[in-house]
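Q: Below, each chain spelled out in residue letters.
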Amino acid sequence: MTDLEKHAAGHGTDVAVGGGGGGTNLPDRFENPGLPAHRHRMADTDATAAKRAERQVVLLFIISALGTLFAIVAYFVWRPEGDFASIQASTLWLGIGMAVSLFFIGVGAVHWAKTLMPDAEVVEERHLMRGSDQARADAVEILRTGNEESGIGRRPLIRNSLLGALALFPLPGLVLLRDLGPLPGDSLTHTLWGEEIAEGGEVRMRRLTQDPGGDPILAAEVTQGSVFHVIPEGLRDSEHFLEEKAKAAVLLVRLDPKDVTVPEGREGWSVDGIYAYSKICTHVGCPVALYEQQTHHLLCPCHQSTFDVTDHCKVIFGPAKRPLPQLPITVDDEGYLVAQSDFTEPTGPSYFERGE
Amino acid sequence: MKALAARRRHPLAGIVLLLLGLFVMGGAYAVAAPQQAAASTTASGDADRGEKLFQANCSTCHGPSGQGGSAGPSLVGVGAAATDFQVGSGRMPLEATAPQAPEKEVKFSEQDVADLSAYVATLGPGPAIPSEEILQVVEQDERLAEGNELFRVNCAMCHNVVGSGGALTRGKYAPALDGVSEKHIYEAMVSGPQSMPVFNDANITPEEKQSIISYLKYVEAQPSPGGLSLGSLGPVTEGLFAWVGLLGIIIACTVWLGAKSS
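Chains as they are written, first to last, in this note's numbering: chain H, 1 to 356; chain Z, 1 to 262.
It should be emphasised that the hints constitute simulated quantities derived from the structure, not laboratory data. We put the beta carbon where it would ideally sit given N, CA and C, even for glycine. It is possible that part of the hints are untrue.
Within a straight-line C-alpha distance of at most 27 Å, the following computed DSS-like cross-link-like pairs (lysine-lysine) qualify [claimed, not checked]:
1) Z:Lys217 / Z:Lys260
2) Z:Lys217 / Z:Lys104
3) H:Lys314 / Z:Lys172
4) H:Lys321 / Z:Lys172
5) H:Lys321 / H:Lys245
6) H:Lys245 / H:Lys314
7) H:Lys114 / Z:Lys260
8) Z:Lys52 / H:Lys51
9) Z:Lys172 / H:Lys258
10) Z:Lys172 / Z:Lys107
11) Z:Lys104 / Z:Lys172
12) Z:Lys260 / Z:Lys172
Covered stretches of chain H, as calculated for chain Z (at least 3 residues, CB under 8 Å) [to be verified]:
13) 38–44
14) 107–115
15) 225–239
16) 273–284
17) 294–300
To give an idea of the chain Z side of the interface with chain H (calculated C-beta under 10 Å), a few residues [what the hints assert, rightly or not]:
18) Phe199
19) Pro223
20) Val255
21) Leu257
Pulled out of the complex, with its shape left as it was, chain H reads as follows (with noise of 0.2 Å):
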């Protein structure tokens, strides 16, 4: 009989039965089938089997040995020069050195263990939970004479200004919470921007200026399908300047005027077709730089979130929720780009106190 065949009789005999009694056959409970019998290994009977698993198992730790002496080799050989593939080199090498060193000791151990240790199974009977009568009545008579010799049920006193003091010690550890540093207060809705600055004597707005060299931008450089990477004038000179920048930081575009939709209230915002948006994701605050200059969309890199630059940059595509705000730009008198004022509304994503 094939297995095929037996697999065949055994399901015909279970439809006659179910067809019969209703599944009504089945045993109470099942026997305790125990373990099943042990099957010994090729090395538990075979002299050269098990001559042959200890030789496994030293090659084992041998190799793990040569791993050791490559990774030191390595490290003389392979020497970081100061250029991305000698780092390269030298981190891979000595990676892999000792990773084949920890590896194989892993292996030799587990095969030593598998093949050669004994492995016999052994039951272990589960004791009882519950403790003999007279452990009990020991525990209960060690509390109950604690309580009579420290007295703390007849003086109510001590034990209430103990209470009193483990409950005021962690108290310091809610103090030290403080150095985490200064609540942001209202630093989320102001950026540089609004911030005026000094030069020679005169106080005024910041002017535009291009990520990283720090020059200022003339209107007339910012051509049409350009785009330039906007941070405040004198941002490097601020004390915090990175935190500075996270907020401040600003994409500038020259658009046709005839594409751009203006909503209510943001007219004068721009100069001559030349806008000016946050370049902080609205969403989690990565840098949307990636801009088309045809279709005019404003890709996110991290979650594709797409805004349309010529529509006050509103979301078209991915998980941002509100527009990337505009900052109000004008033109000096010496034809540099300037901040009229701070961005109406905060940067960067959204958080608690900001109320939307």
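Chain Z: place on chain H using the hints.
A: Only chain Z this time, still in chain H's reference frame:
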């Protein structure tokens, strides 16, 4: 042949056939693939001859005098740089309407490209083909560092930090920059082909453009000692490698740990 016929129902036959097919396809592609045109010296173009070439090859879409039409944009003011880039990299003439014109085999000779560029330059003032001096790759560390910083601010979000390219919206993409000639990189920056914005000389000066190109050529020349750079695409390919390769090893180890020794 008889042995082959007898084994055709073997369970591995399908896999063998698939591998064979892939191998043949790959081999055929390697033979037939268009080779990167070598950076050419700027030949001086003949605008009159270029006009004739233009009439014959480009006017269907761009109009008889380059004023544009329903199928193609106006070429007035795009300059010689744009023409040299588009035609010289094989993007033009367009093969089919697609989200983006791909780089393909160049259809015109160097002289033809130069003549066409000279003609388009007469339609209106626009960026010229860059000079040989500005296309020289520089090797000073500070220039490379400057090129790297400018590339990171202006280019890397689309083209990837080592110029491996990347995806844009709706089927458009920023192409990989390795193997692209210095001249074409420069011309792309000044002319802003397709989705790419223009980076005029006020935005990025010619010397800064030279630094960017030098940085790209420096990165391109870096060998990959690990053997596999995985396309330098970052988390996508590296993540795939970790999931498929490394998790595979971990699963194999787990299975081996649990199996009883024979």
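Q: Now, for every hint given, state plainly whether the structure supports it.
A: Hints versus structure:
1. In summary, the hint linking Lys217 of chain Z to Lys260 of chain Z is not supported, as the alpha carbons are separated by about 55 Å, beyond the 27 Å threshold.
2. For a cut-off of 27 Å, the pair hint linking Lys217 of chain Z to Lys104 of chain Z stands: about 21 Å separates their Cα positions.
3. Restraint check for Lys314 of chain H and Lys172 of chain Z: the C-alpha separation of about 21 Å stays at or below 27 Å, so the hint holds.
4. As the CA atoms of Lys321 of chain H and Lys172 of chain Z are separated by approximately 24 Å, the hinted pair is consistent with the 27 Å bound.
5. Only pairs whose Cα atoms come within 27 Å are accepted, and Lys321 of chain H paired with Lys245 of chain H is accepted, the gap being roughly 22 Å.
6. Restraint check for Lys245 of chain H and Lys314 of chain H: satisfied, since their Cα atoms lie roughly 23 Å apart, inside the 27 Å limit.
7. For the given pair, Lys114 of chain H sits about 7 Å from Lys260 of chain Z by alpha-carbon distance, which is consistent with the 27 Å threshold.
8. Restraint check for Lys52 of chain Z and Lys51 of chain H: not satisfied, since their Cα atoms lie roughly 87 Å apart, outside the 27 Å limit.
9. Annotation: proposed proximity of Lys172 of chain Z to Lys258 of chain H holds, straight-line Cα distance about 25 Å (limit 27 Å).
10. Taking the CA atoms of Lys172 of chain Z and Lys107 of chain Z, the gap is near 23 Å; set against the 27 Å cutoff, the hint holds.
11. Distance check on the hinted pair: Lys104 of chain Z and Lys172 of chain Z sit about 16 Å apart at the alpha-carbon level, within 27 Å; holds.
12. Distance check on the hinted pair: Lys260 of chain Z and Lys172 of chain Z sit about 54 Å apart at the alpha-carbon level, beyond 27 Å; violated.
13. Closer than 8 Å: that is the beta-carbon criterion, and the segment 38–44 of chain H has 4 residues meeting it against chain Z, so the requirement of 3 holds.
14. Restraint check on the segment 107–115 of chain H versus chain Z: 3 residues with Cβ-Cβ distances below 8 Å, three needed, restraint holds.
15. With 5 residues carrying a beta carbon less than 8 Å from a beta carbon of chain Z, the segment 225–239 of chain H meets the three-residue requirement, and the given coverage holds.
16. Residues of the segment 273–284 of chain H with a Cβ under 8 Å from some Cβ of chain Z number 0, which does not satisfy the need for three, so the listed coverage is violated.
17. Only when three residues or more bring their CB closer than 8 Å to a CB of chain Z does the claim for the segment 294–300 of chain H stand; here the count is 4, and the claim holds.
18. The interface hint given for Phe199 of chain Z holds, since its Cβ lies 7 Å from the closest Cβ of chain H, which is under the 10 Å cut-off.
19. Interface hint status for Pro223 of chain Z: upheld, as the beta-carbon distance to the closest one in chain H is roughly 5 Å, under 10 Å.
20. Annotation: interface hint on Val255 of chain Z violated; nearest CB of chain H at approximately 12 Å, more than 10 Å.
21. About 6 Å separates the beta-carbon of Leu257 of chain Z from the nearest beta-carbon of chain H, less than 10 Å, and the hint is met.
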